[in-house]
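Full structure from sequences and hints, please.
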Amino acid sequence: MPLSEEEQRLLEQMEQALAAEDPKFASTLRGSTLRARLRRQVVLAGAAFLAGTGLLMLGVILTMTPVSVVGFVVMLGAAYVFITAWRRGGEVTSEQEAPPTNGRSMGRSTGGSTSRTTRSAGQGSFMDRMEERWRRRRDDGL
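Residue numbers for the sequence shown follow my numbering, beginning at 278 and rising by one.
Worth flagging that the hints you see were computed from the coordinates, not collected in a lab.
Ideal Cβ placement from N, Cα and C applies to all residues, glycine included.
With beta-carbon atoms standing in for the labels, derived distance ranges:
hint	residue 1	residue 2	range
1	THR310	ARG286	17 to 27 Å
2	MET407	LEU353	32 to 42 Å
3	THR340	THR310	39 to 49 Å
4	PHE403	PHE349	40 to 50 Å
5	GLN290	ALA328	40 to 50 Å
6	GLY331	ARG415	51 to 61 Å
7	GLY331	ARG414	47 to 57 Å
8	ILE338	PHE302	51 to 61 Å
9	ASP299	ARG365	18 to 28 Å
10	ARG317	PHE403	14 to 24 Å
11	ASP299	VAL337	54 to 64 Å
12	LEU311	THR340	40 to 50 Å
13	ALA294	VAL350	40 to 50 Å
14	GLN290	ARG412	20 to 30 Å
As structure tokens, this is what we get:
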């Protein structure tokens, strides 16, 4: 069921307020599109590398040096794109999985018991980690 215009407007306002209040959290939520784009770049770079290999081999078989050089350049460019996209994909994943410290103690507890934050740091699904971050911020009064 589609949202009404007013509901869409309210949702956009809430998204803007969230992005203004906590830009790091908002960028974390937007990270899935970045990961999809990087994954697509990796796949396309792999295909371009194979095409470059084909051009290189074709140039060798037909003894056409310019075709071989073009194939090699395509392979080189595809390898560069592949490596940079692969590295950025790892950075996106590690940023989303790493719990924020901001110089605060993660193991803060009240009454001598182990806090839930300490037990679940680095564990659980994405939503569990986001809920834990929300609880910590609410408890810290931020």
